[in-house]
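Participant: Read off the chains here:
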Amino acid sequence: MKQTLSILLLLVVASALVFAGGQGEESGAMEQGGDQMVAAMATDVGGLGDKSFNDGAYQGLQMGEDLGFEARVVESNQQTDYIPNLTGLAEDGADIVFAVGFLMEQAVKEAAQMNPDTFFGGIDIGGDPEIPNFQGILYREEQSGFLAGVLAGHMTAQYSDASPKLNADPIVGVVLGMFIPPVERYEVGFIQGVKYANPDVQVLSVTAGDFTDQARGREAAVAMIEQGADIIFHAAGLTGLGAIQAARENGVLAIGVDVDQNNVAPDTVITSAVKKIPESVYVVLESVANGTFEGGTHTYGLAEDATGIAPYHSFDDVIPQEVKDAVDAAREAVLSGEIQIAQTRADIQDLLD
Amino acid sequence: MSSTHEHTEPGRLPSILTIASAVLGAAGLVIWLGASMSRGETYYFWGIWLIVAALAVYLWRYRLLNGGEALRELLRSSARKMAVPVMGVVTAIVLGGILMLATGYNPIEAYGALFFGGLVRNWHISILNAAPLIFTALSVAFAFKAGLFNIGAEGQYYMGAMAAAWLSIHFTLPGIISLPLIFIFAGLFGAMWTIIPALLKVRTGAHEVITTMMLAHTARYLSPVFIRANGGDPATSTHPYVTWEILPNNFLPRFQQFLPQANYRVHTGILIAIVVALLIHYILYYTSWGFEIRAVGENKDAARAQGISVGKNIFRALLIAGFLAGLAGFNQVNGLDHRLFENLQAGYGWNGISVALLAGGNPIGVVFTGLLWGVLDAGGQFMARTTQTPSAIVEIVKGTILFLVVARYIYTAIGNWRRKRQRHREADAANAVKEGA
Amino acid sequence: MVDYDFIVNLLSAMIRNATPIALAAIGAVVCERSGVVNIAMEGIMTVGAFVAAIVAGATGNPWIGLLAAIFFGGLFSLIHAFATVSLHLDHVVSGAVLNVLALGITSYLMIMIVGHPGTTNPVPVGLGDYRWAIPVLSSIPVLGPMFFNQTPIVYFSFILIGVFTWFLSKTKLGLHVRASGEHPLALETIGVSVYKMRYFGVLVSGLVGGMAGAYLSIESNVSFTEGMTGGRGFIAMAAMISGGWHPIGAFIAALFFGLADALQVRFQVFEIARVPEEFFIILPYVLTVVAVAGLVRRSRPPKADGVDFMIERSED
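Sequences listed follow chains L, G and E, in order. Residues 1024 to 1376, numbered by our numbering, are exactly what the first sequence covers, in order. Residues 134 to 570, numbered by our numbering, are exactly what the second sequence covers, in order. Residues 474 to 789, numbered by our numbering, are exactly what the third sequence covers, in order.
Check before you lean on any hint, since a few could be wrong.
Each computed DSSO-like pair below joins lysine-lysine, with the alpha-carbon atoms no more than 27 angstroms apart [stated by the list, open to error]:
1) G:Lys553 with G:Lys567
2) E:Lys645 with E:Lys776
3) L:Lys1218 with L:Lys1347
4) E:Lys669 with E:Lys776
5) E:Lys669 with G:Lys445
6) E:Lys645 with G:Lys433
Hints were generated in silico from the structure; no laboratory data involved.
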């Protein structure tokens, strides 16, 4: 009891002391901003360095510096941090605050309602018509996956002579990180693309269960390569780096995700299924600068040039013209609405069986 | 707390003072914990002053019953006991500051933001962070008392969260009935996750570190399966990676319901955590169960010689530990999130180990170390946001605090050295007196 | 589908999965046989993995990276030795602290050195590029490709298992290490310093743990990722315990876990059942519990494991 009492006393005294110092600083923290426009973002628990949506959004903010924005970022450690980070950035004078990652959906909507004078954006988050200062930004990852799948489906079967890294088996593989919405859309799109190119191609799939454990991604890819998979697509964040490494070591091809990952292994990554988060963030920043910001959901896809596949780089000479044409034709077909791409596994049950 | 000898004629004053102190303290605690500084309300300080007042009243009562000398002795011994934690925290902060200086950050600015953010501006976040940590740390601490290492509290936490989410989605009873039920079931599900480790430990001697940890990983991967099975609103972009929102009758009451200006997110889970901590303290130190568990933890052979069943107590201790960790899940689902998310990476179970160790396994100490961790986490975020100092520094400071506070030997060694010097000085003085005479 | 190639591939994957766990586990075995409980393997591996990637990236030479990982792993573990042996800190506390510190230090240094959190740049050459098939031996069916067509650290792990088994049972120093974990007072009375033996034991776990980390970052892969150790340090502890605090036992336990993990990935590839993938992912963990329940005999830690040892030396 005595000990408890003493610790309590200590805490109380410490709190009181800190308050004495704290009061003066409140104004300092509140009065930043001024004329300088500030674009801020709060990452989800994945944090910067995920080579995916968090990094992409930050890159977009940095691009916004030519619009006169100052970029600020704060990384969330746990779920309880989301709301204070978002509202805190708003109170510190940010003109627009981005929430990154679908886990922040509830948090960003609450923050937007509490700070009606600040604009909010949400990457991978749907908008809400009742919150005019919040713009949700979704991507059609399934389109990127689809085009990557069309490429893979052709290359692994009819055109497997094009590269020594391809074998005769019509098999490709997918490594997933954890089963979350954007990952599912990538996978589902990829499977449809492969089957669209060639219904006889088999798609293997392994979920690694982690977004940071490279060794798991590597083993997942190796297990599929052993079964004859010669193109490995990954939607697994940093875990996927291990999958690319496995492809490189075993002399097969890989398809990157989110950003152009050719630089990870230039002799292995044939292309990447991308979503251009930086560009779409820049579009939002422009609308803030021009005063044309609108709420609701903005879905970015092929039509906005926000999804698709990355350049082929050194594989430009390897990939036969027919395959490139087929990919372009598929892109046109998606754009014209001729091909409808499903977004969930439940919608493509027939392809999975 | 019992008085040893009557000093002055106390009459009924001491009992009145006891009640006054308890009332003031409880009210102050509720107000302090429920306070929010984010819009300039100052409940926080009212709470603190009330607690200070309660302490003053308590000390007055102590003086009335035991006299001034005893009071001074109490204060002195408290100061001595506080010395180690204070020195540890201060030294860790200084070391962290040196690291910041060496790497080009301004430590004064950063620490100013850290404590302003954690203790004042985002105090409510500190509270929200602390509550689940207290539950998981209690779980680890309780197992420690029985000589067991419940390294898998994370898994029991997940199980509790799943049970709480499922029941809270389906129970339509009024909250006053359903909340206690959900509370108990969340705990029981947590305990369920320690039944196998407990059985194996008792029957085959399988080490609980292996079994609880393996089951922790298992629970972590089962939670997405559970979430997918429990839908979520198809209209949201998170479908089906977040469960349905739980029914409003199963929300834990929030401070705002009786403190109108409190931050709207702060729920009463922290109060439950404190009550549970007191209860665990009571069980451990004032019941025969607790005595037996501690006896087993201290020395199995001696306990057996006293006729205490080692197996039964290990079983009991692990189950209670699982129950406590499961409550953390209840706290998060019914108090904070009102739904269960996939990909929770908070790691309350793992962090609970540090919190329990820092408190030396003392259930009441856990409340304070949990709060300290909560403050450092919330303040670290505020610091990172306002001063752009990497919040990783907070992890380093945390590790150093843990190290310095728990490494009592350092202080024992310093104490021995000082006492020795003291003895020399006294001897010198005595010699001087002798020579003078 | 189950043919010769499948078996060989499965067993090779088992070895790859088991190597980091086995290395960390035998390090922990030596540490605990000397009487110091070590739950810090996760942190030591994190440090080793980080240092290996940074140094190998900066010098372009993965061998220097490996040496640096071993060195810094050892250095980091000395904190544990200092805390537990010299400062008499509780062993579990110190280990938990090291795990927290390793995370904090690496993510802080990521920002300082690499400039961003998350992952380092790929190293130009990884140890995985030094795969070496031992002539003759590697052509033995099954065992050849499994054991004798591997990458450097895998071979090191085989060698170290042998070395430490021999060391603990046959050498005088090994005897002293074991005595320090079983009967420290007896050891002290014959004039051998328990402190020194325990420092030695912890140091070994650091050196070997650093190597285990390097395996993850520069042999199995080519870059460091925050969180890449993925709990393997703790699984190594489990392997050490179910292996009965013996290097070979720990190795077998690590192999078992590696096999289960290799199997679950292949189950996913073959889609042996239409159930959520998570049910496959948990398989190694569940199987470990089953194995511990059914197969492993009651194992006993060293008698003075985790027991503080303090000698009162008169100083006046």
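Participant: Each hint needs a verdict: does it hold in this structure or not?
Facilitator: Each hint, compared with the structure:
no.: 1; hint: G:Lys553 with G:Lys567; result: holds, 21 angstroms
no.: 2; hint: E:Lys645 with E:Lys776; result: holds, 19 angstroms
no.: 3; hint: L:Lys1218 with L:Lys1347; result: holds, 17 angstroms
no.: 4; hint: E:Lys669 with E:Lys776; result: holds, 18 angstroms
no.: 5; hint: E:Lys669 with G:Lys445; result: violated, 40 angstroms
no.: 6; hint: E:Lys645 with G:Lys433; result: violated, 33 angstroms
Taken one by one, the earlier hints fail for this structure at numbers 5 and 6, listed in ascending order.
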